[in-house]
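Visitor: Listed below are the residues making up each chain.
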Amino acid sequence: MADPHARQLIRPYGDRRDDGVVQMSFVLPVPPGSRAREAAILFVKKLGFSQALVATMEPAGRDFSFFVVYGRTAAAVDLNAIDVPEVVIRKLGFDELNAEITRRLGRKIVVVGACTGSDSHAVGIDAIMNMKGYAGDYGLERYPGFAAYNLGSQVENERLVREAKARGADAILVSQVVTQRDLHRENARQFIDLCKAEGLHGKTVLVLGGPRIDHAFALELGFDAGFGPGTRPSDVANFVFHRLVERKEAISP
Amino acid sequence: MEPPAEPSLGEPVDYGVDTLPDLYLDEAQVLRCRELAARVVQGVFDFIDRHTTVSIERTVLRLLGIAGAGPRGVPLCNLMVDRIRQVPGALEKGAAYWYGRALSARKAASPLDLLDAMSMVLRAPPAGEDEERRLRDDVRGETRAACDELLSRVRARAALRRELGTGTPPLKYVIVATGNIHEDAEQARAAAQAGADIIAVIRSTAQSLLDYVPHGATTEGYGGTYATQENFRILREALDIESRKLGRYLHLTNYSSGLCMPEIALAGAWERLDMLLNDAMYGILFRDINMKRTMCDQYFSRRICAYTGLVINTGEDNYITTADAYEAAHTVIASQLINEAFARRAGMADWQLGFGHAYEIDTARPDTLPLELSQALLVRRLFPRSPIKYMPPTKHKQGDIFFSHAYDVMADLVAATTRQGIQLLGMMTEALHTPVLMDRYVALKTADYIHRAARNLGGELTLRRDGLVVRRAHEVLDRAEKLLAETAADGLWSAIGKARFGDVARQPDGGKGLDGVAGRAPDYFNPFLEILEGRAS
Numbered sequence: 001m002a003d004p005h006a007r008q009l010i011r012p013y014g015d016r017r018d019d020g021v022v023q024m025s026f027v028l029p030v031p032p033g034s035r036a037r038e039a040a041i042l043f044v045k046k047l048g049f050s051q052a053l054v055a056t057m058e059p060a061g062r063d064f065s066f067f068v069v070y071g072r073t074a075a076a077v078d079l080n081a082i083d084v085p086e087v088v089i090r091k092l093g094f095d096e097l098n099a100e101i102t103r104r105l106g107r108k109i110v111v112v113g114a115c116t117g118s119d120s121h122a123v124g125i126d127a128i129m130n131m132k133g134y135a136g137d138y139g140l141e142r143y144p145g146f147a148a149y150n151l152g153s154q155v156e157n158e159r160l161v162r163e164a165k166a167r168g169a170d171a172i173l174v175s176q177v178v179t180q181r182d183l184h185r186e187n188a189r190q191f192i193d194l195c196k197a198e199g200l201h202g203k204t205v206l207v208l209g210g211p212r213i214d215h216a217f218a219l220e221l222g223f224d225a226g227f228g229p230g231t232r233p234s235d236v237a238n239f240v241f242h243r244l245v246e247r248k249e250a251i252s253p
Numbered sequence: 254m255e256p257p258a259e260p261s262l263g264e265p266v267d268y269g270v271d272t273l274p275d276l277y278l279d280e281a282q283v284l285r286c287r288e289l290a291a292r293v294v295q296g297v298f299d300f301i302d303r304h305t306t307v308s309i310e311r312t313v314l315r316l317l318g319i320a321g322a323g324p325r326g327v328p329l330c331n332l333m334v335d336r337i338r339q340v341p342g343a344l345e346k347g348a349a350y351w352y353g354r355a356l357s358a359r360k361a362a363s364p365l366d367l368l369d370a371m372s373m374v375l376r377a378p379p380a381g382e383d384e385e386r387r388l389r390d391d392v393r394g395e396t397r398a399a400c401d402e403l404l405s406r407v408r409a410r411a412a413l414r415r416e417l418g419t420g421t422p423p424l425k426y427v428i429v430a431t432g433n434i435h436e437d438a439e440q441a442r443a444a445a446q447a448g449a450d451i452i453a454v455i456r457s458t459a460q461s462l463l464d465y466v467p468h469g470a471t472t473e474g475y476g477g478t479y480a481t482q483e484n485f486r487i488l489r490e491a492l493d494i495e496s497r498k499l500g501r502y503l504h505l506t507n508y509s510s511g512l513c514m515p516e517i518a519l520a521g522a523w524e525r526l527d528m529l530l531n532d533a534m535y536g537i538l539f540r541d542i543n544m545k546r547t548m549c550d551q552y553f554s555r556r557i558c559a560y561t562g563l564v565i566n567t568g569e570d571n572y573i574t575t576a577d578a579y580e581a582a583h584t585v586i587a588s589q590l591i592n593e594a595f596a597r598r599a600g601m602a603d604w605q606l607g608f609g610h611a612y613e614i615d616t617a618r619p620d621t622l623p624l625e626l627s628q629a630l631l632v633r634r635l636f637p638r639s640p641i642k643y644m645p646p647t648k649h650k651q652g653d654i655f656f657s658h659a660y661d662v663m664a665d666l667v668a669a670t671t672r673q674g675i676q677l678l679g680m681m682t683e684a685l686h687t688p689v690l691m692d693r694y695v696a697l698k699t700a701d702y703i704h705r706a707a708r709n710l711g712g713e714l715t716l717r718r719d720g721l722v723v724r725r726a727h728e729v730l731d732r733a734e735k736l737l738a739e740t741a742a743d744g745l746w747s748a749i750g751k752a753r754f755g756d757v758a759r760q761p762d763g764g765k766g767l768d769g770v771a772g773r774a775p776d777y778f779n780p781f782l783e784i785l786e787g788r789a790s
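Chains as they are written, first to last, in the working numbering: chain A, 1 to 253; chain B, 254 to 790.
Hints were generated in silico from the structure; no laboratory data involved.
Be a bit skeptical, because a hint or two may be false.
To be verified - Straight-line C-alpha distance at most 25 Å; calculated SDA-like pairs for lysine to any residue:
hint: 1; chain 1: B; residue 1: Lys765; chain 2: A; residue 2: Glu156
hint: 2; chain 1: A; residue 1: Lys132; chain 2: B; residue 2: Leu622
hint: 3; chain 1: B; residue 1: Lys698; chain 2: A; residue 2: Val54
hint: 4; chain 1: A; residue 1: Lys248; chain 2: A; residue 2: Glu100
hint: 5; chain 1: B; residue 1: Lys751; chain 2: A; residue 2: Glu141
hint: 6; chain 1: A; residue 1: Lys165; chain 2: B; residue 2: Asp541
hint: 7; chain 1: A; residue 1: Lys46; chain 2: A; residue 2: Ala36
hint: 8; chain 1: A; residue 1: Lys108; chain 2: A; residue 2: Gly202
hint: 9; chain 1: B; residue 1: Lys498; chain 2: A; residue 2: Ala36
hint: 10; chain 1: A; residue 1: Lys91; chain 2: B; residue 2: Asp335
hint: 11; chain 1: B; residue 1: Lys698; chain 2: A; residue 2: Val68
hint: 12; chain 1: A; residue 1: Lys165; chain 2: A; residue 2: Glu220
hint: 13; chain 1: B; residue 1: Lys698; chain 2: A; residue 2: Pro31
hint: 14; chain 1: B; residue 1: Lys698; chain 2: A; residue 2: Met24
hint: 15; chain 1: A; residue 1: Lys248; chain 2: A; residue 2: Tyr149
hint: 16; chain 1: B; residue 1: Lys735; chain 2: A; residue 2: Met131
hint: 17; chain 1: B; residue 1: Lys751; chain 2: A; residue 2: Ala55
hint: 18; chain 1: A; residue 1: Lys91; chain 2: B; residue 2: Gly652
hint: 19; chain 1: B; residue 1: Lys360; chain 2: B; residue 2: Arg389
hint: 20; chain 1: A; residue 1: Lys248; chain 2: A; residue 2: Thr102
hint: 21; chain 1: B; residue 1: Lys765; chain 2: A; residue 2: Tyr149
hint: 22; chain 1: B; residue 1: Lys698; chain 2: A; residue 2: Ala55
hint: 23; chain 1: B; residue 1: Lys751; chain 2: A; residue 2: Val123
hint: 24; chain 1: A; residue 1: Lys132; chain 2: B; residue 2: His583
hint: 25; chain 1: A; residue 1: Lys108; chain 2: A; residue 2: Asp78
Claimed, not checked - Just a few of them, taken from the derived set where beta-carbon distance is under 7 Å, the chain B residues facing chain A:
hint: 26; residue: Ala447
hint: 27; residue: Ala617
hint: 28; residue: Phe655
hint: 29; residue: Ala659
hint: 30; residue: Ala684
hint: 31; residue: Met691
Each residue gets a CB set at the ideal place from its N, CA and C atoms; glycine is no exception.
Could you put the whole structure together from the sequences, leaning on the hints where they help?
Guide: See below:
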């Protein structure tokens with residue numbers, strides 16, 4: 001499919017370009033010893049590495065060995081053949097964004113957020129919404145252009161949708177931290193179903209966030225965007241603003 | 254009046270706080286803070302002393318042997334208390350009273366028969382005066398026998414701990430959270446072999462909101478493993494075996510929080526756990542549990558902890574995962590003093606109080622090391638005879654596990670230098686998932702090194718009187734005193750309503766579990782409480 005002239009092959013860079021060096025660590029459920037070391041080497045070779053250097057083999061408990069292994073791989077990927085949806089927006093600074101909200105929308109953007117289901121970890125939604133923000137980046141509550149309502153953790157999807165409707169939310173932020181047994185997937189899917197039933201889908205900007213969330217995953221579920229680790233409040237603020245402007249222009253160009 | 258925990262149930266540890274650098278604290282100010290905290294707590298005890306809760310009553314029934322589960326796994330004590338609640342004014346007399354009535358109506362009955370008998374006596378006219386006295390005496394005798402058995406169990410735990418000895422503080426605390434108790438036991442043993450002193454089994458997400466304690470061994474959980482009495486037993490047994498193999502006593506801890514604080518405390522004590530997370534305000538602030546419910550439940554659960562020599566860990570570290578750690582440092586101190594005052598009212602000794610705090614100041618700030626040192630030293634100095642539970646960074650962690658590991662090393666350094674009693678080890682994958690085996694191993698290996706390297710560092714240092722560490726400690730204590738004064742003036746409930754703690758506001762009649770609170774009738778009967786409060790003859 002891709003033009004061979006445009007191929008851009010890349011592989012991991014250790015000490016020199018294209019040496020394919022990868023560092024890995026894992027535990028094997030056997031005590032350390034010559035056989036355990038050989039097992040680790042064989043395992044790493046089965047993964048496709050041409051060389052395997054066991055840097056560490058230590059007992060992590062009586063029946064477990066902890067390994068740090070370096071391997072080299074010939075595998076490469078063509079960067080140009082990769083198509084990943086990304087949130088692409090021109091990011092505005094704090095003051096600029098507030099000014100643009102006033103200029104383009106002429107009102108505050110109402111955002112309701114929560115960590116939903118049985119998940120009790122408010123850390124993510126707090127980082128994005130609370131006044132203080134995260135890593136020096138102000139939270140949505142701090143923006144004069146936003147009216148932000150953080151419902152906290154363990155909020156049922158039904159309640160989140162109800163409160164969002166009551167407040168006339170422009171955007172709903174859903175945080176999912178606990179991902180054991182794909183709990184987050186089920187819960188997020190149920191949220192989207194509910195939004196469809198309530199007629200919010202396609203109107204209200206729906207955003208999913210969490211340590212194991214990415215944009216493609218969120219799109220697949222039916223959200224407008226997904227934000228993973230390292231997301232700053234300003235990323236979310238900018239996305240919500242730009243999406244609202246797009247929708248507004250789509251209606252009255 | 255206040256029966257202190259038997260010294261034989263646990264040993265005060267000498268943390269050598271006198272040899273740590275002086276913070277030049279004003280002792281009169283510290284005393285004022287404690288007096289203010291006592292006033293804060295006093296305002297709430299007027300309520301606690303006049304009320305009971307469904308969880309307290311279920312705990313009494315559990316002690317009396319109603320520990321099984323009925324159809325569909327519903328605990329029998331829940332069935333009984335729910336039946337009592339159906340009759341207006343009945344719970345106010347105490348479940349033990351109805352237990353006694355049911356027992357005298359049907360001798361030597363099975364728990365299910367007792368449930369039937371209870372329905373009958375709940376609708377029957379009151380017994381005669383002699384009969385009332387006799388049945389109360391009978392239940393008192395039964396309670397005393399159960400308490401004797403409870404004490405003999407916890408004495409056995411204390412004896413094993415003395416025989417084998419424990420690790421050197423800071424005790425290294427790690428969590429297991431597979432959801433399957435048998436897998437937890439396997440991981441706990443591996444962690445112990447790698448140097449862990451304390452194993453915590455994280456509870457399944459949202460167990461704190463269940464108004465019952467699940468029954469039996471469990472192999473499915475989300476983000477953790479259900480706290481059940483059988484799960485406690487399985488893990489304690491695994492750790493007993495491993496303790497003997499290693500020649501070092503391994504502590505086990507769980508969570509006496511949420512809607513079943515007293516029941517978990519009893520189950521934990523019975524199965525010889527060593528510690529429990531138990532905070533007077535955590536459930537209110539972070540789980541939105543009703544404050545009246547929590548106040549009653551925390552008191553009863555702490556009475557059990559006091560009686561059975563359990564060490565509690567308080568949850569102030571949570572304040573600085575919601576609020577900013579630098580801005581909210583004084584709320585941690587104020588809350589610790591309030592937790593201390595509550596614990597003292599429940600008869601707990603200093604060695605049982607593992608006050609919580611954490612290494613959580615934003616890494617983007619300058620001078621976080623002296624600031625964390627200041628806070629850790631301040632806590633250590635305010636509570637010189639208490640273990641102190643020191644939590645690792647969590648809030649500002651991201652996916653770079655190598656940086657995360659360096660971040661944890663700084664917490665190890667401060668913990669060792671300031672001689673914290675219990676250190677939860679940071680995991681380099683904190684921001685990613687529940688710890689995998691190698692995360693725990695790397696954390697333990699590193700903490701072992703840092704503790705060995707820095708254990709005596711604190712004794713080598715003198716701090717500048719006009720320096721950042723000392724000035725910061727004074728500032729935090731000043732603000733804590735101010736907050737305590739406001740809280741004492743407003744009353745604790747109103748202070749929580751104003752989001753004074755953890756940036757979270759709650760209302761007295763809001764939250765979960767208020768319908769499980771009942772007034773105590775003048776003839777309220779709770780023979781377990783009589784023993785716990787030292788009122789029994």
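Visitor: All hints, please: hold or fail.
Guide: Checked hints:
1. The hinted pair formed by Lys765 of chain B and Glu156 of chain A meets the criterion: a straight-line CA distance of about 14 Å does not exceed 25 Å.
2. For the suggested pair Lys132 of chain A and Leu622 of chain B, the alpha carbons sit about 21 Å apart, so the restraint of at most 25 Å is met.
3. Between Lys698 of chain B and Val54 of chain A the alpha-carbon distance is near 19 Å, which keeps this suggested pair within the 25 Å criterion.
4. Restraint check for Lys248 of chain A and Glu100 of chain A: satisfied, since their Cα atoms lie roughly 14 Å apart, inside the 25 Å limit.
5. With a C-alpha separation of about 18 Å, the suggested pairing of Lys751 of chain B with Glu141 of chain A holds against the 25 Å cut-off.
6. Between Lys165 of chain A and Asp541 of chain B the CA atoms are separated by roughly 23 Å; this keeps the pair inside 25 Å, and the hint holds.
7. Annotation: proposed proximity of Lys46 of chain A to Ala36 of chain A holds, straight-line Cα distance about 15 Å (limit 25 Å).
8. Of the supplied pair hints, the one linking Lys108 of chain A and Gly202 of chain A holds, its CA atoms being roughly 20 Å apart against a limit of 25 Å.
9. Restraint check for Lys498 of chain B and Ala36 of chain A: the C-alpha separation of about 24 Å stays at or below 25 Å, so the hint holds.
10. The straight-line distance between the Cα atoms of Lys91 of chain A and Asp335 of chain B is roughly 57 Å, outside the 25 Å bound, and the hint therefore fails.
11. A distance of roughly 14 Å separates the Cα atoms of Lys698 of chain B and Val68 of chain A; the hinted pair therefore holds under the 25 Å criterion.
12. Proposed proximity of Lys165 of chain A and Glu220 of chain A is supported: the alpha carbons are some 24 Å apart, at most 25 Å.
13. A hinted pair counts as satisfied when its Cα atoms are at most 25 Å apart, and Lys698 of chain B with Pro31 of chain A qualifies at roughly 17 Å.
14. With a C-alpha separation of about 18 Å, the suggested pairing of Lys698 of chain B with Met24 of chain A holds against the 25 Å cut-off.
15. Restraint check: the Cα-Cα separation between Lys248 of chain A and Tyr149 of chain A comes to about 23 Å, which is no more than 25 Å; the hinted pair holds.
16. Taking the CA atoms of Lys735 of chain B and Met131 of chain A, the gap is about 24 Å. The hint holds against a cut of 25 Å.
17. Straight-line distance between C-alpha atoms of Lys751 of chain B and Ala55 of chain A comes to about 55 Å, which puts the hinted pair past the 25 Å bound.
18. Between Lys91 of chain A and Gly652 of chain B the alpha-carbon distance is near 23 Å, which keeps this suggested pair within the 25 Å criterion.
19. For the hint pairing Lys360 of chain B with Arg389 of chain B, the CA-to-CA distance comes to about 15 Å; that is within 25 Å, so the pair holds.
20. At roughly 14 Å between alpha-carbon atoms, Lys248 of chain A and Thr102 of chain A fall within 25 Å of each other, so this suggested pair holds.
21. A distance of roughly 21 Å separates the Cα atoms of Lys765 of chain B and Tyr149 of chain A; the hinted pair therefore holds under the 25 Å criterion.
22. Our distance criterion of 25 Å between C-alpha atoms is met by Lys698 of chain B and Ala55 of chain A, whose separation comes to about 16 Å.
23. For the suggested pair Lys751 of chain B and Val123 of chain A, the alpha carbons sit about 21 Å apart, so the restraint of at most 25 Å is met.
24. Between Lys132 of chain A and His583 of chain B the CA atoms are separated by roughly 17 Å; this keeps the pair inside 25 Å, and the hint holds.
25. Distance restraint check for Lys108 of chain A and Asp78 of chain A: the Cα-Cα separation of roughly 44 Å exceeds the 25 Å cut-off, and the hinted pair is therefore not satisfied.
26. Below 7 Å, beta-carbon pairs count as interface contacts, and Ala447 of chain B has one with chain A at about 5 Å; its hint therefore holds.
27. Here the hint on Ala617 of chain B is kept, as its CB sits about 5 Å from the closest CB of chain A, short of 7 Å.
28. The interface hint given for Phe655 of chain B is broken, as the beta carbon of that residue sits about 10 Å from the closest beta carbon of chain A, more than 7 Å.
29. The beta carbon of Ala659 of chain B is not positioned within 7 Å of any beta carbon in chain A (closest approach about 16 Å), and the interface hint is therefore violated.
30. Against a cut-off of 7 Å between C-beta atoms, the interface hint on Ala684 of chain B holds, since the closest Cβ of chain A lies about 6 Å away.
31. At about 5 Å, the closest approach between the beta carbon of Met691 of chain B and any beta carbon in chain A falls short of 7 Å, and the interface hint on this residue holds.
Hint compliance for this structure: hints 10, 17, 25, 28, 29 are broken, all remaining hints hold.
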